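A.B. asks: Chain residues, written in single-letter form:
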Amino acid sequence: MPRRKDIKKILIIGSGPIVIGQACEFDYSGSQACKALREEGYRTVLVNSNPATIMTDPGMADVTYIEPLTVDVLTKIIAKERPDAILPTLGGQTGLNLAFFLMKHGVLKKYGVESIGSSVGAISCAEDRNLFKKAMQEIEVEVPKSGIATSVKEGMRIGLDIGFPLILRPAYCLGGSGGAIAYNKEELESFLAKGIEASPVHQILVEQSVLGWKEIEFEVMRDCADNVIMVTSMENVDPMGVHTGDSIVVAPAQTLTPEEYINFVNLCKKIIRKIGISGGGANIQFGQNPDNGKIVIIEVNPRLSRSSALASKATGVPIARIATKLAVGLTLPEVMNQVTSKTTSFFEPTVDYCVFKICRFTFEKFPYAERVLNTSMKAVGEAMSIGRNFKEALQKGMRSIEIKRYGFGADGKDKISDEMLKKADSVLLKQIKDKISIPNDERFFYIRYALKAGLGLDEIYRLSHIDRWFLDNMKQLVELEEEIKRYKNKKIEDEPNIPQELLVQAKADGFSDIQLAFLLNAKEEKVRQLRKKNNSRAVYKLVDTCAGEFNAKQPYFYSTQETKDEARPSRNKKVIILGGGPNRIGQGIEFDYCCCHAAYALKEEGVDSIMVNCNPETVSTDYDTSDRLYFEPLTFEDIMNIIEIEKPIGVIVQFGGQTPINLAVALREAGVNILGTSSESIDIAEDRKRFKHMIDKLGLLQPNSGTVFTFEEAQKVASNIGYPVLVRPSYVLGGRAMEIVYDAELLERFIKEAAEVSGEHPILIDKFLEDAIEVDVDLIGDGETFVIGGIMEHIEQAGVHSGDAAMSLPTYTLSPDILKKIREATYRLAKELNIVGLMNVQYAVKDAKVYILEVNPRASRTVPLVSKVIGVPLAKLATKVMLGKKLKDLGFAEELIPKHIAVKESVFPFNRFPGVDVMLGPEMKSTGEVMGIDTDFSSAYIKSQIAAGQKIPRKGNVFISVHDRDKRDVIAIAKKLKDLGFNLFASSGTASVLEKNNIPAKVLPKITEGRPNILDLMKDGKIQMVINTPSGRIPRQDEVKIRSQVILYNIPYTTTIFGAQATVSGIEMFMKKDLSVKSLQEYHKIKGKKVK
Amino acid sequence: MKAILVLEDGKSFNANSDLNSECFGEVILNTSVVGYQEMITDPANAGKILVLTYPLIGNYGTAPKFNESLKVWVSGLVVKETSRIYSNFQAKSSLGDFLKEKNAFTIYGLDTRTLAVHLREKGPLFGVISTKEFDPKKLVEKINQIKRQPAQTLLPEISVSKLKIIGKGERLTVLDMGVTNGLLRQLEALGYSLNIFPYNASVKQILSINPKGIVISSGPENDPELTRVAQNIKPLLGKLPILGVATGCQVLAAALGVGLIRLKLGHRGANYPLARPGSFKGEITVQNHGYVMDYDALCKVKGLKVTAHNLNDHTPEEIESKSLKLIGVQYNPVSAGFDQVNPMLVKFNKLLSAQR
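Read top to bottom, the protein sequences are chains A and B. Just so you know, this note's numbering puts 645 at position 645 of the first sequence, and the rest follows in order with no gaps. All you need for this note's numbering is the position in the second sequence, starting with 1, plus 1092.
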């Protein structure tokens, strides 16, 4: 059926900041949707609070709003833009929830807006547990026994009725947050309280546990003519009990018979019809009892999801694009399959490979969190790998997730050695068994240990419930590993000596050169040479949606070991862009944004772009972002294989974050042309000694520092430069294992930690500049002209990682004199490093002096933000510059200071890690960011806070408890709050300071000393905001308790005095005038001020 | 042990096998991810060398209930990797043991993707798989020798030798050219007593049981005996409701004087979309054929309509004639899960019920 003509303007809702459970997959789906709608001639309006996305690029939609995603703001945008329809199915749970609440508040009706893609009825049916259960019962689809509770009491009754173990799921929660498994009465009671609180509608599902059952998913699409297709099946290797977002998943399902498969398909069709999706897609999750095949439905997501992004990348079917077209009334047969260009979307893709998805966790960032996986998602990112068999895909997956592993163990990094495993005692065996039976992020390595220690498949199955088929494949790898080890060299200098057939088999089963080198006790380089000599090389096969049946026009590639290469490299001039791999804290969507822009720029310049990445969530791994896409791990071996086949004119390493930067030197040594800033300059910036030398040469300032390898050296350096000091490993991103240390005792502890992360690289010790103001500068250079993109002032004082700090662009307190110094230093550094491309510099400003903290000769996290605020696509320009263009010719030769102000705020995953302190420090903890933009700082700041999820109060009670050094500053804050009509509560210390300044505040007893204390008040909903600055490096127990309660009850909070100041002036603004909305395109119409 | 696959154009692939053997046949591809046991026991694949494009085979083992017939009919099976264990509660044995028991020749460990692409580009090819001879030239020569011999019919071996009756109810004739258990189960579920006749049963024999209608089953395509079957059923057209399934449908076409066209690459898999003229609603179907009916010729048959075509290449998928009381489906009308009967069989059932 032709597309709908009765709608003209469509509002697309994005998913907001990257959080656990909602990552770049929604940028990918939103971007595809924007493109699809414009192709059909609709006018598009987009709203998203996340500036780091491709979808919020001003060219993607006709009108782009970077505004908080709240009902209030959306209502304003709807009133202003008057769209005919909203498309809420591309913006994850956030988009769906917003549409639901817009409907509930009558906004959709008032403005005559229709919800397309998923009707409001369909959303309610899938999301409301009661309606869903009823609907499933009507079509005789079994659901696990369950009941819905709105109170703890009700939940207890239902739970005891069903019997333990029980699964608890709060309604309307993304990524299953607040979900838990209860094994007994106490657990049930405590989880019920948390879950009811976590659910925005205060509903929780108490359900029969199907732990250990198979978890099978289907991606289903249906159009308005009732055509239904299965895009793919997926099987979770981790059975029921681990959130699918945390599970290892394979596509297609590996252990289903045709009969079971067709039964699942039958159920999927029934379900999607019943839910009422008639122009879109859904992800349907089932549990299946492995002993008798009994099937229960777990849930339906009536929208694009993380799983659908995975299914898209796994099969080559652009689900978001198709779903969008279906949403406007087209049918599946009318939408062409652009990969084959011979089939339509009414075609069930079939594959001739195995897809493996593995998750990236960051437990190391939250040392106090329990390292356990359950039904509440904890992964921050994922990687996808493709192989011709499961073993190859598994090994590639393991080396894709950037945990410094190069396969399924056997890479020299195993925690438990073969010798120990051979003579494993009961203690070790117990440890291994526990690690297998209680799901965790290291489980698969422990399965390997178990196999090596002689545990049988049945026993491992009994412990893990991981299907024996997967376990046996792992066992095959272990057996092969043992076989390879028989050819181990005596001396590492020796030539590797392995029979050709065994080598071929090892490569076919995914063993990396590093693994082979380790097993053979040889050098990696020698293994590589041997392979080349024996003509054992990777070939590339296609993701073509059809298992080779059609000659695909726009496929993408994966490596494997077969007889024929199908890569068919073109003879055009081409450039390889190295992506960033899986999202993790410190490296996320911002870098993917830059990689995409590199591809766009290459296209504009007539150069073929070749993307290498393994992150299935991203826009960069979309089939039409680059000319060619290689879905591969980002390791030296995998990249070199591609380079040898493609022979590009150069490789871009600046955009993918630290992953490609870390490979720059090795690639250069292998003779690869690194485009842009030389790898020599990269090394100067990364190597502290060389860096220090450069700073001295340029006459710039740097906090006193030293480079050390041992604790003894560290102690000497620290006492020389004086405490506090900042300790960190070199060559890491996101401030991993970075700490501010106040004395020698703590120093010892952190040196140990840092040494573990840093590996062979040295550890850095810097003087920590307390109370300094930090500044981030992004610059672009072409080797001749250098232009500052933006100078951003941190709102929190120094010591908070720049990835976590809130920032203002342009700066809001710095004097012209300081800005001049910053500009001078930046240009001098850029010239010295001969920057061709992007550079980021971090400064600390103290006592009118400007200290250089760090120089990164690559795209920084703030590039997308700066680009959007000043209206100049920096990453695109940087790419062109790398190809030899000059900034003068590209029309960007002077710094621009915008007339508007943007504030970036970070978003944290604390709610996923119960009990973790929310304090900010030099180790980055945020997963994503939002932007508030307005014409004054206070409005921009408060928008950023609202966008980050803070429920900013207009009245009520504020609790204040600050560290002694903040007490002077808190007076003005408290006074303003009082004047604005808030009631103040305070700890005794803070209260006495306030009293002295005639600001009345009610004193609350210490938690251990009396009740009602602050915890009670928070629980009763009597506290609307908390200002609590930490009392020292090691926080006091009650402070931690207060701060973790703040997360539990979602009370706005700030842990820094600067944050508190900004928040309070924001509230003042917020109370005076209503927040207004304005599109990016409107902001860009007003030209910024040029600075020479 | 080492094995080799050689195609008639000389292209060869090295592989392994557990059985010392040699066999010939047309090399066909199937793109389904699951269903290996059904495919190799489907008589429609008799004499073929079957290549599975999905690389991981045998994962869920085998069970007698999944057999489409009692025998393995393919001449050889070609896969990338066979699973050494199986994992499914229904499984009774591994694929390896099943094949060994049936003495079926399988080779594995070859680049099936490259083989698939080669077949896509070259069109239908004859081939040989062997563990006895490794010289491609000699093997091509052997292929040519076999190809020079007149085509042999497989139907006498495949079909029942005498009338076989299953199920209770009104009588339905099934002309067995290699009928699958999957089809029989569905017909039985419709409540008929199935009278399964040998493929060459005469009109007299068929009518002797006074059936409500006739089902012409699927089976090997392009068999020399098929013309005879077509001649046999021609007098029945318009007299009794007739359903032709896959090759059975091609037989119907032949009886109507409609010829067949060979596809460059057969439709073999579980993902073929069909469209119905005048409707946006289509169907995803399971197919297994290398020939299609001549669309233009079908259009010339009076009273006959092509009610569905393949969405990708517009070849005919369903034919129907009220006056001739016939329905033909080129695809395999498989159950839609939970033993539900395929809608086309339900439609045929209505046609049957409408009689008298």
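Please keep in mind that the hints were generated in silico from the structure rather than gathered at the bench. You may find that some hints are simply not true.
Listed next, the in silico PhoX-like pairs over lysine-lysine satisfying Cα-Cα at most 25 Å (straight line) [as the list claims (entries may be wrong)]:
#: 1; chain 1: B; residue 1: 1439; chain 2: A; residue 2: 269
#: 2; chain 1: A; residue 1: 5; chain 2: B; residue 2: 1394
#: 3; chain 1: B; residue 1: 1373; chain 2: A; residue 2: 564
#: 4; chain 1: B; residue 1: 1356; chain 2: A; residue 2: 564
Small disclaimer: the values here were computed from a predicted structure and weren't measured.
A.B. asks: Take the hints in turn and mark each one as holding or not.
C.D. replies: Status of the hints after comparison with the structure:
1. B:1439 <-> A:269: Roughly 21 Å between the alpha carbons, so the hint for residue 1439 of chain B and residue 269 of chain A holds.
2. A:5 <-> B:1394: 41 Å, violated
3. B:1373 <-> A:564: Cα-Cα ~40 Å, so violated.
4. B:1356 <-> A:564: 22 Å, holds
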